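Chains as they are written, first to last, in the numbering used here: chain S, 1 to 292; chain D, 1001 to 1277.
Some hints here could point you the wrong way.
Claimed, not checked - Interface residues of chain S toward chain D, partial, derived using beta-carbon atoms under 8 Å:
1) Leu-14
2) Tyr-122
3) Phe-126
4) Phe-213
Think of the hints as simulated: they come from the structure by calculation, not from any bench.
Computed from a prediction, not measured in an experiment: that's the story for all the values here.
Note that beta-carbon positions come from the ideal geometry of N, C-alpha and C, so glycine has one too.
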Amino acid sequence: MVGNKHGERRLILLFFVPAILVWLGILIVPFFYGIFISFTQWDGLGNDFTFVGLRNYLTIFGDSKFLDSLLKTSIYAVAVVIVSNVIAIGLGLLLTSALKGKTFFRTAMFTPNIIGGLILGYLWKFIFNFGLTAFGKSGGIAWLEKSWLTSSAYAMVAMIIVASWQLSSYLMIIYVAGLANVPKELLEAAYIDGAGKWSAFKHVTLPMIRSSFTVCVFLSIVRCFMVFDVNLALTGGGPFNSTELIALKVYNTAFTSMKFGVAQAEAVVLFLIVTVISVLQTYFSMKKEVKA
Amino acid sequence: MRKMKASRVLLFAAACILTVIYIFPFVLTIFNSMKTSQEFIMNPFSLPSAFHVENFTQALQEMKFFSALKNTFILTIVSSLLITLFGATAAYVVSRFSHKKWVSALFLMMVASMVAPFQVYMIPIVKIYGGTFGLNNSLLFLSVVALGLNLPFSIFLIRGFLNGIPIEIEQAAMIDGCSYIQVFFRIVLPMLKPIVITLLVFVSMGIWNDYLMSSLFLTDEVKRTLALTIRVFVNEYSVDYAPMLAGLFLSMIPMLIFYVLCQKHILEGVVQGSVKG
C-alpha cells in the first residue's frame, strides 16, 4: 500500500483539503483577522479603521464596566459550578441506585437541555415576573412579592438558579455514565470492611468518578464564561448592567456601542481565559492518568 | 426487608419531585399560553379556564411561524449533513494517514481551535462575510459557517471511533484492487453509522437552537429561524406575554418531538461530547 497506487493523492484532495479550506476560512483566517481588529479603532461603518496598537487593551483594563463584568462572571461561575456539580452528583447517585423507572426519570430531567437558551430565558422570566410574585403575594412572603429581576442582587441569583437548573441536568448524564462504571464488588467490599455509606462514597465512589468530575467541572466553568442566550433573554444584562456577563458584554460593545476594535479586544481576553482553563484541564487529566 | 422497601419508596418519591422541578417551567408555560393576560396575572398556577386560541393565532402570525420553521429546517438539515460528510471524510484521512506528519499536525491544530469561544470569531466572521462579501441572509452560507464551527469537533469524534476499528478489512479490500475512496464508501462509511447518527443528532440540536450566530446573519424577517422569531414579542420596554407564551410553546414543539424520537442518541451524544476537552 505504498505510493499513489490506491488513489492516495486523490483521497487527500477530495476528503481532506475541502475540510481544511473550510476550517481556514471560517475559523483560522477570522481568528487572526480578529487579533488584527483588536489593534485597530473601527466604528463598524465601512472600512475606515486606524491602527492604534495596544490602546484597546489599555482601554478595557481601565474600563470599570468590563472589569466589573469579568468579576461578576467569575462570581457567577463559582456559584454555578459548585451548585450544579453537587446537584448533578446527587442526581447521578439517585439514578444509578435501586430506583424503578430510571430511564424515564433521566430522560425527563434532561429536558432543559433540549430547548434553546433564549426560550429558556423567557420561560424563566415569566416565572420570576409572574409566578414567584403571585406566590409571594398570596403567601405574604415579602422577598417574593417583587420580581427578582428588578433587583441587582436578586437578578444575579436568578441567573445562577436558571443556569444551575439547566447545567445540573446536563452534567447528571455524564455522572451517570461515570457512576455506572464503578464496580459493585468494590462497594460491597467496602461495606463488608465496615464502611458507612458516606465513607464508602468518599473513599470508593468519588475516586472512581474522578475523570467524570474533572470533565464536568471544566465543562461547567467554560459554559459559565460563554453564557449568552439565557443572559440576554432573562435579564438582558440588567437591571443597570448588574448581570451583564462577559459574553453579553462583548456583544453589546460590538453591536450596541459599535466599538468593534474594543469589543474584539474583550473577545480576545475571553479567549485567553477559556484557553487557560482548557490547558489546566488537559494538565489535570494528564496528571491523573499518570497516577492511575 | 421492610426497611429496604421503605427506602425504595423514598428514592422514588425524591425522583418524582426532582423531575417536577426540571419540567415545571415547561408545563407552566403550556398552561399559561392558553390564558388571557388578566387570567395569568391573577393566578399563573391555575389551570386555564378556557383555551384562548387567539394567543396562538397571534403568535403564529407575528412570528411568521411556518416560514421560520421552514428556514430552521433548511439550516439544520443542510449544515448537519455538511458537518457529517466533511467530518467523516476528513476523519478517515486523519485516522488512516496519521503517520504523515503534516496530517497529524493539522489535526492537532484543529483540535486546538475547538476550545476557542464563538465570541472570538464573531466580529471578524461578520465583518468578512457579512460586510465584505455581503452574505447576510443566506441560509446556505450560514450552513457553511455552522460547518466550520462544528467541523473540528466532528473530525475529532469520528476519528476516535475510527481508531478503534481494525484496519485489516480495509487492507484486504485494497489487495483486491479497491481504491481508498471505494474502501471508504463501501466498507468504512457503513461501519461509522452509530457515531454518525449520534453526531447528527447532537449537532443538529445545537444548530436548531442557535441564536447568536443566526442573529448576526439573518437580519431579514423572511429569513429568520425559530430561535430568532421569539424576539418579536420583546421590545425595549416591555414583553407581550400572552402571545409570547404561546410562541414559546409553539417553538418548543418540534424539539420536544425530536427528543422523544431520538432521546437515546441525544444522551449518548452528551457523554461522547464530554470527552472533547
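These are the hints, each one checked on the structure:
1. Leu-14: Holds - the Cβ of S/Leu-14 comes within 8 Å of chain D, reaching about 7 Å at its closest.
2. Tyr-122: Given a least distance of 6 Å, the restraint on S/Tyr-122 holds.
3. Phe-126: holds, 6 Å
4. Phe-213: violated, 11 Å
In the structure shown, a violation is registered for the earlier hint numbered 4 alone.
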